[in-house]
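Residue numbers (our numbering), protein chains in the order written: chain A, 1318 to 1826; chain B, 136 to 248; chain C, 5 to 317; chain D, 6 to 102.
Derived by calculation from the structure, the hints in this document are not laboratory data. Hints may be right or wrong, so weigh each one.
Said to hold, decoys possible - Straight-line Cα separation of at most 30 Å, BS3-like style, residue types lysine-lysine; simulated pairs:
{"id": "1", "chain 1": "C", "residue 1": "K285", "chain 2": "A", "residue 2": "K1394"}
{"id": "2", "chain 1": "D", "residue 1": "K72", "chain 2": "C", "residue 2": "K216"}
{"id": "3", "chain 1": "D", "residue 1": "K47", "chain 2": "D", "residue 2": "K72"}
{"id": "4", "chain 1": "D", "residue 1": "K72", "chain 2": "C", "residue 2": "K285"}
{"id": "5", "chain 1": "A", "residue 1": "K1394", "chain 2": "C", "residue 2": "K216"}
What the hints assert, rightly or not - To list a few chain C residues with every Cβ distance to chain A over 10 Å, as calculated:
{"id": "6", "residue": "A29"}
{"id": "7", "residue": "V158"}
{"id": "8", "residue": "G166"}
{"id": "9", "residue": "Q197"}
{"id": "10", "residue": "W212"}
{"id": "11", "residue": "A275"}
{"id": "12", "residue": "R313"}
All figures in this text were calculated on a predicted structure; none of them were measured in a lab. Just so it is clear, CB atoms sit at the ideal spot from N, CA and C, and this is done for glycine as well.
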Amino acid sequence: MPDANVLPDATTTDGALLVLAIVLPAAGVLLSFVLGGRYAERIASVLLPSGLFLATIIFADVWQSGHPLIYIVGDWKPPLGIALRADGLSAAMMVAMAIVICAVAIFAHADFGTRPGSVEARAPFAFWILLMAIWGAMNMVFLGGDLFTLYVAIELLTFAAVPLVCLDGRAETLQAALRYLLFALLGSILYLVGTALLYGSYATLDIVLLSRQVRMEPATLVAATLMTIGLFAKTALFPLHLWLPPAHAGAPAAASAVLSAVVVKGSFFIVVRLWFDVMPGMLGAAGAQLFGALGAAAIVFGSVVALQQQRLKLLIAYSTVAQIGYLFLMFPLALDTAAQLQGGGALTGGMLQAISHATAKAAMFMAAGLIYATLGHDRIAELGGAARALPMTIFAFALGGVSLIGLPPSGGFLAKWLLLEAAVATGQWWWAIVMLAGGLFTSGYMFIVLSSAVAPSSEPLKLRVAVPRYQEAAALALALTSLLLGLVALGPVDILLVGRPDSMMVGPR
Amino acid sequence: MTAATLFGLCGAALVGFGLYGLVTNPEPLRKILAFNLLGSGVFLVFGVVSRRAAASGLGGDPVPQAMVITAIVVAFAATAMAIALVLRLLQETGRSTLSADNPGGTDTDRGNS
Amino acid sequence: MTILSVFDIGLVVLLLGIGASTIAAREAFAAVIGFVVYGLLLSIAWVRLSAVDVALTEAAIGGGMTGMLMLGAVARLRVAKGSDTRASLPARVAAGVLSAIVAAGLAIAILSPPEAIPTLAPMVMENLAQSGLGNPVAGVLFVYRALDTLLEKVVLILALLGVWSLAPDNVWGGIPGLRVYARPDSTLTFLAQLLPPVGIVVAIYMCWVGAKEPGGAFQGGTVLAAMWLLVMIAGLTSVPSISQTWLRVLVVVGPVIFLAIGLAGMVLANAFLAYPSGYAKPLIVAVEVALTLSIGVALGLLAAGPPERVQQQ
Amino acid sequence: MNLVLDIFTVSAVSAGALFLLAGTVGLLRFPDPLTRLHALTKVDNLGLGLVVLGLLPQADGPFGALKLVSIWLLVQLSGAIVAQLIAGAVRQRGPHG
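All chains, please: the whole structure from these sequences, using the hints.
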């Protein structure tokens, strides 16, 4: 066992960028809270694009140097202090989430915009502050190098996400928010007890230090199990998904987009951190197969239920349940049957799936919101004529579907192809079958929606409002991003493996 | 058995009680209360970790103690938010329930069907 | 068996008994009363675990503030129509088995500590002198893990925003729906006149002493919140509307100063949230004072709930 | 001298504990709210008072003793007022309200 007193790392040049990625959103939240609703949107419209810019710089930095960025907070090195680290996974996720959040911000200007001279209104005030908080919490999740800091980060995420669900104050969204809150709290408290046990065994919660010391023993196994179950509840992995469809379908469109695309990825990312960074190789073949089985069950269940939905937003929400399943196929595929960690193919595929789902799903929820606003309902059977009224929106919806199904050249295609390749390479053909079946189901529900939308309407459409062009453009831009994401295969896809510990190729210890 | 271990086992049992109450009790307020019980059990586990690691003349390792203080405040914030939700639900529907059947019969055009 | 271990066993039995009764009680009111008692007993357990800081926090927040919130909720929920049916027997058995497995897993983990128990206590104490603090827990909260503490304050503000956002649109910016029992010359008024000066002194003392002994911003802030709620409930001061600028400034002043000092550390010391050598203690005390205020106001407002009335002119 | 003080502490705290016990039994066994309140206030006054009195010689310095006494005074204050409030509520709603 390495000596715990050998400190792993020091602040790197440009490490201060990581501080900025956390301080900016925090400052935005505090400032908006004081200045009030009239300024919240203006502050967000300055900070969110600078967040994207910042994430891009961090991404470029990590990609070019090939090394993670590190910042030691307060000049106290772990285990006493806290380190922020941006490896390839964090950098890529940060950029992707910043893109989605910026697009959502543009989209939300129509629904949560503030007219000059108006008094503070409730929903915009809450929305913009919560959006900035989600951005900050996600950065914290991606950069946090300490498991307790990650606990605070996922709590931040919960407190920012739950009020978004019930912004309109209708009874069923209040119910959905309450159920979401209870699930999320259970999830974080289970995660928390795991950190207590880990600290008891190793006297550190720093991810790098833990990964050097961690050993197979009862307390560690119990801790890892409870933390994983807690994070599954927060990620809405089958069978802990019950809270997700009503919450995501009931929220206002911009909020749904953020919740489905961004928020569930936070707890998923911590699962990845836990099993790939903190305890590499400890999941074991059986555990990995179990993760995969839950993922497969989510794909089948989510897709089948999505096929039966009458309403568009619920269909998209159940599709999220299914797509979350794909994320967990990466665990058995990144480990071969002897539980040896494989090369990065499956890991890259899994993270790409997270990113392409984020962009595609946000685009689809925005599109659904526009359809709802225009037609006054989102009953799938009565969507006839929608394609004529909102061609750009329906196009964005279809492109998002292309990525979900996994057709080339979309990001979903590249992700699923990498996963399939790993399935073939490790001889786990059963996951390949599940993925192909999931693709078929997805095509099925996309076809139902699109065929209904392009059909001529039986009676002349009564359009309630004309939606602004920029809202349609925001949805389309995200859908295009998702579509073209497959092209990163030619470019910076390697970044996902920057900063992987050497243990990538090491077996269990 | 040391006192620390005794309180640790107490914490484990409380986690069990809290989890059972959270899952089985239908009333939201009782669920929130069960969550708090569960939380306090988890905090006791931190307490054991701290007490066992007493050194340097301290009665316990201060790091887990600081973490518990942070977590208690977070748990209170969560409780406040959950209770506010329950009360708002009561205002809106005259009931406080989590069951999926149509509460209050308000506009269900978009929600859970 | 020493007398202390008898005491510990008795305490654990009481904790478990009352804890179980809060789950099993038929009436929500009885369950909440049980919970308040449980919170107080729990803080004794924390003293027995040599964690006086936690004991104070648990008594103030875990038992006190949470109990108050729940009592208020129970009173309002009396009017709730219809109750949900209890879970079916198989569901309850399944939940019981699941809970037992989790508890047993935790018990196994607790009963199998590592051979040499690792600790950060020596490292905390070695470096504590630099900061001028005497309370190691305050050292962890404000020096080594200051980032967590800072973010947790943002969590508190988000929770407040979440509570406020539940208000109906037409009363936004209005007055929280705290129940006021204003009866002139009642005993409550007397208490609300007599206690706050004492309470404020206690809060200041707790905040001040927190640097070297158990206590600190959380505990002091909770006492402040309790005093503020008392005078509001007794009707001595009106509940402020949430659009007041001073109110919002008070809520964020602690985190803002914390953040500003942290950022200044990037220039004046070596890193974000590092303190320039020699100035650590005064800076931390400044942060603690501001945080005490902010925590007090935020906790009070969280307990007061979302706006329910429009401000009367 | 020390022995005398210790004996004083033990006997005063024991007497206080006895009152606490009696008061608790009263709280549980007495039939109606007002008599229960009566039992409860005895716990505050005498029980805690004797415990604090017994602990005074053991306090570290006058400041510690001051803290002990102020705890007792605060409990007196809150106990008296809470008892008043409960009694008022009982009078308004009747003993079974």
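Hint check:
1. The straight-line distance between the Cα atoms of K285 (chain C) and K1394 (chain A) is roughly 20 Å, inside the 30 Å bound, and the hint therefore holds.
2. Proximity of K72 (chain D) to K216 (chain C) is assessed by CA-CA distance (about 18 Å); at most 30 Å being required, the pair is judged to hold.
3. A C-alpha spacing of about 22 Å is found between K47 (chain D) and K72 (chain D), which places the hinted pair at or below 30 Å, so the restraint holds.
4. Distance restraint check for K72 (chain D) and K285 (chain C): the Cα-Cα separation of roughly 26 Å lies within the 30 Å cut-off, and the hinted pair is therefore satisfied.
5. Proximity of K1394 (chain A) to K216 (chain C) is assessed by CA-CA distance (about 24 Å); at most 30 Å being required, the pair is judged to hold.
6. Here A29 (chain C) stays apart from chain A, with its beta-carbon at least about 20 Å from theirs, past the 10 Å limit.
7. Its beta-carbon lying about 6 Å from the closest one in chain A, V158 (chain C) breaks the requirement of being farther than 10 Å from that chain.
8. The Cβ of G166 (chain C) sits about 4 Å from the closest Cβ of chain A, inside the 10 Å cut-off, so the non-interface label is violated.
9. The claim that Q197 (chain C) lies off the interface holds: its Cβ sits roughly 32 Å from the closest Cβ of chain A, which is beyond the 10 Å cut-off.
10. No beta-carbon of chain A comes within 10 Å of the beta-carbon of W212 (chain C); the shortest separation is about 23 Å.
11. Remark: the non-interface label on A275 (chain C) conflicts with the geometry, its nearest Cβ contact in chain A lying 4 Å away (cut-off 10 Å).
12. The non-interface label for R313 (chain C) is consistent with chain A: the shortest C-beta to C-beta separation is roughly 15 Å, beyond 10 Å.
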